[in-house]
Amino acid sequence: MEFIGGKFLQVFIALAVFAAIIGLIMLIVDRAPKSVRDKLTIVGFLAPAAILMLTGLVYPAVQTSFLAFTSASGQPNGIDNFVWMFTQPEALVTLRNTIIWTILVPLLSTIFGLAYAVFIDKARGENALKALVFMPVGISMVGAGIIWKLVYDYRGPGIEQTGVVNALRVALGMEPKQFLLDAPENTIFLIIVMVWIQTGFAMVILSAAIKGVPVELVEAARLDGANPWQQFRNVTIPGIRGALVVVLTTITIATLKVFDIVRTMTAGNYETSVIANEMYTQAFRAGEAGRGAALALVLFLLVLPIVVYNARVLRQQREIR
Amino acid sequence: MTVMPVPDETANTSRTQPGAPKGLSPDDSAPIMRRVKTKLTSRWATAAAVIIATIWTVPTFGLLVSSIRPAAKQVGPRSDGWWNFFGDWDFTFKHYVDVTAAAGSQSANLSQYFVNSLAIVIPVTVFVLVLASMAAYIFAWGTFKGRDGAFIFVFALQIIPLQMSLIPLLQLFTQVLQLPAGSYAQLWIAHTMFGLPLGIFLLHNFISEIPGEVIEAAKVDGAGHSTIFWRIILPLSVPALASLAIFQFLWVWNDLLVALVFSGGTADVAPITQRLAEISGTRGNRDFLNPAAAFVSIIVPLAVFLGLQRFFVRGLLAGGLKG
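Same order as they appear, the protein sequences are chains C and U.
Numbering-wise (this note's numbering), the first sequence opens with residue 1 and increments by one.
Numbering-wise (this note's numbering), the second sequence opens with residue 1 and increments by one.
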């Protein structure tokens with residue numbers, strides 16, 4: 001087990017260097033003359049994070065925006081990459097899939113999460129029931145890919161099926177189905193995996209929000225003769241609107257960036273690719289950095305409205321405070 | 001994962017449970033009808049909840065059962081579905097030994113990659129926690145021009161798709177900084193960069209709620225900024241730090257994309273997710289090892305996650321719902 005020694009030495013050195021840097025910052029801040037101490041603290045405390053974010057996020061984002069207008073050899077080629085994206089059949093399939101993903105995943109995850117949160121609200125063993133649905137949130141998408149490949153497993157007709165879904169189909173007298181190969185519905189079966197992961201997240205947030213709806217309101221509606229559905233529709237839903245927006249936007253962004261599920265389950269073949277996966281394939285496998293960058297830029301533009309909306313909400317909150 | 005702020009309308013007003021109203025209805029039969037109806041809907045609701053819980057649990061359970069079934073039961077002519085396990089009770093732990101033991105190039109060799117995952121996750125979590133809390137302290141309690149604007153900018157950074165950063169960052173690491181290939185440095189720095197915006201946002205929400213009098217009192221007593229930060233801010237922020245640590249741990253452990261781009265893919269550096277994607281991506285006669293391999297990789301995050309779920313949820317709510 002000698003390999004472990006070398007690896008942990010690396011980790012130890014990294015942590016020691018980091019501690020030394022932070023210690024130095026603290027020392028400088030404390031020993032500085034009183035007149036500049038406050039200013040120096042602000043600079044010293046912010047600088048490490050600011051430098052990392054500027055070089056790791058801001059600079060690359062700007063750089064990628066330029067890269068999107070160059071060819072594979074690095075020559076400027078105008079909007080050729082975007083023309084490619086919106087005209088080539090394969091690229092169009094990628095765009096179509098991304099749209100299907102971003103509509104279905106947030107919607108289904110939120111519906112299932114909300115339904116489950118309502119159904120188990122104040123039930124016996126609520127926390128254990130929550131943990132069951134929350135569990136997939138902690139599983140890596142690679143792991144989830146393997147789990148669901150097993151669920152969708154396919155054997156030829158007449159042979160004992162090893163996948164749960166196909167076994168059920170055969171038991172019901174249907175032909176076994178190649179869930180991951182048959183386009184276009186295979187995209188739906190990949191989407192189910194993402195819904196499986198995100199529902200737990202939606203459920204936890206919405207459950208907390210439901211518990212925040214004043215019980216007096218629900219009670220009043222009940223006394224006015226509202227049936228459970230009307231109570232839910234007219235009291236609970238408006239009461240948790242803020243949380244619903246959070247859940248929908250958060251899952252939408254996560255879905256736009258989805259990569260691992262497609263990568264592990266089909267590698268983007270059989271017409272299942274999405275922008276995030278295609279971007280990786282083009283930039284790091286096909287040597288088409290320009291096309292990859294163009295796809296990343298489109299991804300950013302798709303996310304942008306959500307950012308702007310949320311930044312405005314945040315600004316309003318800070319003004320209130 | 002990104003977390004959005006939410007207006008305060010859903011803040012935790014505690015839910016009280018008033019007794020059932022008595023004698024309010026003029027029509028005596030109505031409450032009975034209502035009670036029957038509520039009971040019926042709740043029965044359907046229970047059934048629906050059970051179905052959802054089952055569908056959500058069965059896939060993972062199937063993986064666990066598959067991982068201990070002998071190879072011949074999983075692939076080949078005598079193979080059948082994992083649920084048949086409950087008929088034959090035929091099990092083995094050999095697959096777990098096979099995937100973790102380091103032996104030959106054919107082996108999945110997961111123990112090496114497992115160590116890599118730990119060696120990547122632990123420093124990154126420390127880096128993000130310290131740097132993000134320092135920045136969050138300034139955003140919450142420092143006074144300088146443009147503070148609020150800068151904070152909103154940091155929040156917005158959360159949502160730059162990782163994909164946009166990869167190409168330039170790789171060029172920067174290899175050509176400008178000349179970071180050695182086959183070391184963890186690239187992964188540590190990249191993950192720290194990507195983790196900071198969310199970290200600062202979550203911690204800021206918590207740190208800004210610390211009563212100002214506490215900090216004022218310390219200042220009066222002559223404490224400097226670093227003393228206030230280490231002795232007062234950090235100890236008071238432990239709940240938020242815990243939830244961010246779990247976030248960061250899960251996020252980095254479960255990541256595949258950053259690893260694919262920056263690790264080089266060798267057993268010296270690559271994390272377990274990358275290895276898992278590799279061995280599950282190549283179809284072959286060793287497919288029966290995949291469930292065990294997958295389970296080895298999800299056991300740590302799952303244990304962290306279920307064990308510390310409480311903190312995790314609290315952090316999500318502090319960041320997302322209290323704004």
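Because the hints were derived from the structure by calculation, they are not lab data.
You may find that some hints are simply not true.
Unchecked claim - Mimicking SDA-like on lysine to any residue, the simulated pairs with C-alpha atoms at most 25 angstroms apart in a straight line are:
{"no.": "1", "chain 1": "C", "residue 1": "Lys211", "chain 2": "U", "residue 2": "Phe311"}
{"no.": "2", "chain 1": "U", "residue 1": "Lys219", "chain 2": "U", "residue 2": "Ala245"}
{"no.": "3", "chain 1": "C", "residue 1": "Lys34", "chain 2": "U", "residue 2": "Phe311"}
{"no.": "4", "chain 1": "C", "residue 1": "Lys39", "chain 2": "U", "residue 2": "Ala150"}
{"no.": "5", "chain 1": "C", "residue 1": "Lys177", "chain 2": "U", "residue 2": "Thr54"}
{"no.": "6", "chain 1": "C", "residue 1": "Lys34", "chain 2": "U", "residue 2": "Leu234"}
{"no.": "7", "chain 1": "U", "residue 1": "Lys145", "chain 2": "C", "residue 2": "Val29"}
{"no.": "8", "chain 1": "C", "residue 1": "Lys122", "chain 2": "U", "residue 2": "Phe311"}
{"no.": "9", "chain 1": "C", "residue 1": "Lys122", "chain 2": "U", "residue 2": "Leu236"}
{"no.": "10", "chain 1": "C", "residue 1": "Lys34", "chain 2": "U", "residue 2": "Gly146"}
{"no.": "11", "chain 1": "U", "residue 1": "Lys94", "chain 2": "U", "residue 2": "Asn84"}
{"no.": "12", "chain 1": "C", "residue 1": "Lys39", "chain 2": "U", "residue 2": "Ser226"}
To be verified - Using C-beta positions, here's what the derived DEER-type ranges look like:
{"no.": "13", "chain 1": "C", "residue 1": "Arg37", "chain 2": "U", "residue 2": "Ala150", "range": "17 to 25 angstroms"}
{"no.": "14", "chain 1": "U", "residue 1": "Ala101", "chain 2": "C", "residue 2": "Phe8", "range": "17 to 25 angstroms"}
{"no.": "15", "chain 1": "C", "residue 1": "Gly225", "chain 2": "U", "residue 2": "Phe91", "range": "19 to 27 angstroms"}
{"no.": "16", "chain 1": "U", "residue 1": "Pro180", "chain 2": "C", "residue 2": "Glu160", "range": "49 to 57 angstroms"}
{"no.": "17", "chain 1": "C", "residue 1": "Glu160", "chain 2": "U", "residue 2": "Ser42", "range": "19 to 27 angstroms"}
{"no.": "18", "chain 1": "U", "residue 1": "Phe91", "chain 2": "C", "residue 2": "Pro238", "range": "19 to 27 angstroms"}
{"no.": "19", "chain 1": "C", "residue 1": "Ser35", "chain 2": "U", "residue 2": "Ala217", "range": "17 to 25 angstroms"}
{"no.": "20", "chain 1": "C", "residue 1": "Glu185", "chain 2": "U", "residue 2": "Phe144", "range": "30 to 38 angstroms"}
{"no.": "21", "chain 1": "C", "residue 1": "Gln316", "chain 2": "U", "residue 2": "Gly212", "range": "20 to 28 angstroms"}
{"no.": "22", "chain 1": "C", "residue 1": "Asp224", "chain 2": "U", "residue 2": "Ser42", "range": "14 to 22 angstroms"}
{"no.": "23", "chain 1": "U", "residue 1": "Phe144", "chain 2": "C", "residue 2": "Arg31", "range": "20 to 28 angstroms"}
Keep in mind it's a predicted model, so treat the numbers as computed, not measured.
Where a beta carbon is used, it is the ideal one built from N, C-alpha and C, also for glycine.
Hint check results:
1. C:Lys211 / U:Phe311: 18 angstroms, holds
2. U:Lys219 / U:Ala245: It is violated: about 29 angstroms lies between the C-alpha atoms, which goes past 25 angstroms.
3. C:Lys34 / U:Phe311: 39 angstroms, violated
4. C:Lys39 / U:Ala150: 16 angstroms, holds
5. C:Lys177 / U:Thr54: OK: Lys177 (chain C) and Thr54 (chain U) at ~22 angstroms, within 25 angstroms.
6. C:Lys34 / U:Leu234: It holds: about 24 angstroms lies between the C-alpha atoms, which stays within 25 angstroms.
7. U:Lys145 / C:Val29: 20 angstroms, holds
8. C:Lys122 / U:Phe311: OK: Lys122 (chain C) and Phe311 (chain U) at ~21 angstroms, within 25 angstroms.
9. C:Lys122 / U:Leu236: Judged against 25 angstroms, a Cα distance of about 32 angstroms means the pair is violated.
10. C:Lys34 / U:Gly146: 23 angstroms, holds
11. U:Lys94 / U:Asn84: 19 angstroms, holds
12. C:Lys39 / U:Ser226: 13 angstroms, holds
13. C:Arg37 / U:Ala150: 17 to 25 angstroms: Holds, since Arg37 (chain C) and Ala150 (chain U) (Cβ atoms, about 21 angstroms apart) stay within the stated range.
14. U:Ala101 / C:Phe8: 17 to 25 angstroms: Hint holds: Cβ distance 20 angstroms, inside 17 to 25 angstroms.
15. C:Gly225 / U:Phe91: 19 to 27 angstroms: Given a distance of about 57 angstroms, which is not inside 19 to 27 angstroms, the answer is violated.
16. U:Pro180 / C:Glu160: 49 to 57 angstroms: 51 angstroms, holds
17. C:Glu160 / U:Ser42: 19 to 27 angstroms: 40 angstroms, violated
18. U:Phe91 / C:Pro238: 19 to 27 angstroms: 52 angstroms, violated
19. C:Ser35 / U:Ala217: 17 to 25 angstroms: Check passed, 24 angstroms falls within 17 to 25 angstroms.
20. C:Glu185 / U:Phe144: 30 to 38 angstroms: 55 angstroms, violated
21. C:Gln316 / U:Gly212: 20 to 28 angstroms: 22 angstroms, holds
22. C:Asp224 / U:Ser42: 14 to 22 angstroms: Holds, at about 20 angstroms.
23. U:Phe144 / C:Arg31: 20 to 28 angstroms: This hint holds: roughly 21 angstroms between Cβ atoms.
Comparing the model with each numbered hint stated earlier shows that hints 2, 3, 9, 15, 17, 18 and 20 do not hold.
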